[in-house]
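J.: Line order of the protein sequences matches chains A and B. The numbers in my numbering rise by one with no breaks, and the one at position 155 of the first sequence is 314. The numbers in my numbering rise by one with no breaks, and the one at position 186 of the second sequence is 328.
In short, the hints are calculated from the structure, not lab data. Some hints here could point you the wrong way.
In silico DMTMM-like cross-links for lysine to aspartate or glutamate, where the CA-CA straight-line distance does not exceed 25 Å [what the hints assert, rightly or not]:
id : chain 1 : residue 1 : chain 2 : residue 2
1  : B       : K207      : A       : D237
2  : A       : K335      : B       : E501
3  : A       : K207      : B       : E205
4  : A       : K207      : B       : D546
5  : A       : K342      : B       : E616
6  : A       : K220      : B       : E501
7  : B       : K345      : B       : E616
8  : A       : K342      : B       : D315
9  : A       : K273      : B       : D315
10 : A       : K335      : B       : D315
Stretch by stretch, here's where chain B covers chain A in the computed footprint (C-beta under 8 Å, at least three residues) [as the list claims (entries may be wrong)]:
id : region
11 : 200-214
12 : 323-333
Note that CB positions come from ideal geometry on N, CA and C, so glycine has one too.
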Amino acid sequence: MDRRLALKQMALLTGGLALIPGCDFSEEKILAAYDELQITEGQQEMLKLLVDTFIPKTDLKGAAELGVHDFVLVMANDCLGEEDQTRFVNGLKGFDEYVKASFGKRFAKMDKPKAEETLLAIVGKEAGGDEDLEQYQYFLNTTKRYTLQGYMASEYVMTELMPYHLVPGPNFKGSKKIVAGEKVNING
Amino acid sequence: MANLNINSVKENTYGAIVIGSGMSGGFAAKELCDKGVKTLVLERGRKVEHNKDYPTTNMMPWEFKHRGQIPEDVVRENPAISRCYAYREDAAHFFVKDTDHPYIQEKPFDWIRGYQTGGKSLLWARQVQRWSDFDFEGPARDGFAVDWPIRYKELEPWYSYVEKFVGVSGFYDGIDNLPDGEFLPGIELTAAEEYFKQQMNEKYPGRHVISGRCAHITGNAEYYAKQGRGICQHRTLCQRGCPFGSYFSSNSATLPWAARTGNLTMQNDAVVHSIIYDDEKEKATGVRVIDANTKEMTEYYAPIIFVNASALNTNMILLNSTSKRFPNGLGNDNGLMGKYVAFHNYRGGISAEYDGLREFTTEGKRPTSGYMPRFRNVYKQETNFLRGYAAGLYGSRSKEVNYDGIGSDLVNNMMNPSYGPWKVGSHMMGETIPKESNYVALDSDQKDEWGMPLIKINVDYDQNDEDMLKDYQEQMAEMFDAAGFTNIRTWDDGRRPGLDIHEMGGVRMGHDPKTSLVNKHNQLHACPNVYVTDGACMTSTSTQNPSLTYMVFAARAVDHAMKNQG
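Take these sequences, add in the hints, and give me the full structure.
T.: Have a look at this one:
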């Protein structure tokens, strides 16, 4: 628990600093739900936007409307190691500026095709020792990984799209002929 | 010293005391209660009642905050338990955290514990293969440990007796070194496993592939309804506790059964400090118990005491039971108590793919998998290492999800999974050789919160284990190759001893009081009203999952106690 405590103390410290007159960030509230991450509502919104870019609403529900961004933050908050967490948080905090500097436009201002293209460009680029780029690649890959996990293991997908059965029943067939064209259910 | 007035002695006196409510303690308690003995079961952990205390049992995957994963800070603080495959969000509450009950690792050892009613019987992998004389005769034939003072013939009726109560699914396979038992309907192999089985029959006669016999009810529903248990519904969420009571645990089977006799007194939060030995009567007379919450000590008395605290904890209690007669621990005249600890070597694994049988898949889930009984050194010594290994085996049709892309492309990709090749694989279950240098002992200084000395664990692999591991990898790879499997990959996961959760020995059984601690009826040679019928009594480890054999010892020992203890 040492690290949690240290972070809390640090939060108190920076919180204290934030009260110093003239500080621009004083109105940006830190979200208590993700105590390890120390992120603001604006940053949460940014993550929601990213999650929605990865899995937008189509004929199917999108990730954001299922609240998957909250799952991504819960996992980043609780399940990442210290170093990875730092990379994730720094990635999230600096993302908008990084996109603006590299692509000439804030991510939030981009239309959907441009936003998708931008994410693919960042993730697909050879990092070649560019630590900044590596950090944002890590951030995006982690966000995508948790987005996929949260979406695929959502109630929506596991009941309506690929039904999961809590009580499958006693019949197990070790050898069942596949019917051509049948939909494959990964939870079946 | 506890309050010793005559009333409290009377109140605290039972026909028998069983220390531990897990697999073997639960069975001992059931047998004692069935025979009309007022039985006190002492469990150091909290109360876990069947169904009532299975908080996650009906939870859906999406209801778990971390979808099963254990948070990072818990993993960091509890490295040993976090390496256990079943320590996940849905069952974490049934495992002991490293931080809650520290122990001393003089050599690395992942000690996996379950402190609650039912112990680890809630969490076990439920594989129940019988031993045979190829196992019991091992030490004598190969010249290690000491000779087992029993043979299969003596245990055979007890295996049947226990299996009938437990409920064991299996097929009658007719294999010399893996005797058939009392089976409920078996669960079939997958197409790929069945194919591999046929390949072995053709190319490696004598190497058998079977469906692992498992402690699940698959038939005879009326009989098990009397235990309040139902047919297995293949949820494969056993580690959460089963709402149908379909897999065997103390919680679902033996303890409720014992309670219904009216003879059971179950006491939780009861940390056993030691067994009381009366120098004048020359026998054990009771047990000293520390209340886990108040830390107060109370004495309980009985003419028969069963020690089933789990292998290493049984060693700890006996070593801590010192008296004038037994200054080094109860029954420890030869100084061998705590020594000759062994386990199962699970380090080896293999995975591969099979491109055939493309038109088939499987349907439903199953609570078991394939199993290959030991085929090395069975009839004669044939390798540069002693003994051998069994192999867990699986072959399942893979489903592939394409997570490439972003946006609607990604959605389209991932919502259209396809069948991939059959994925086949195996893990090793190797017999290890008990050695004097593999031992546990009590630390002379450090004590836990309850004033019990910390246990020091000195258990390690040896060259025999390394050679056997290499052979497992070579043989499995060769067999997979012969079966036409591709992308064959073998590994040594380097796991520490203990993670197999099959630690055994320290209070080994033998003919001779000079070289062993308990006799063929599981009585301490030097204190015969104390029976040790959990993993501590094991002279050698064989390759089979041991719980079934512990229960067999427990049932048989109760029968002996009834016939021989006044």
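J.: Hint by hint, where does the structure go against what was stated? Just the numbers, ascending.
T.: 5, 6, 8, 9
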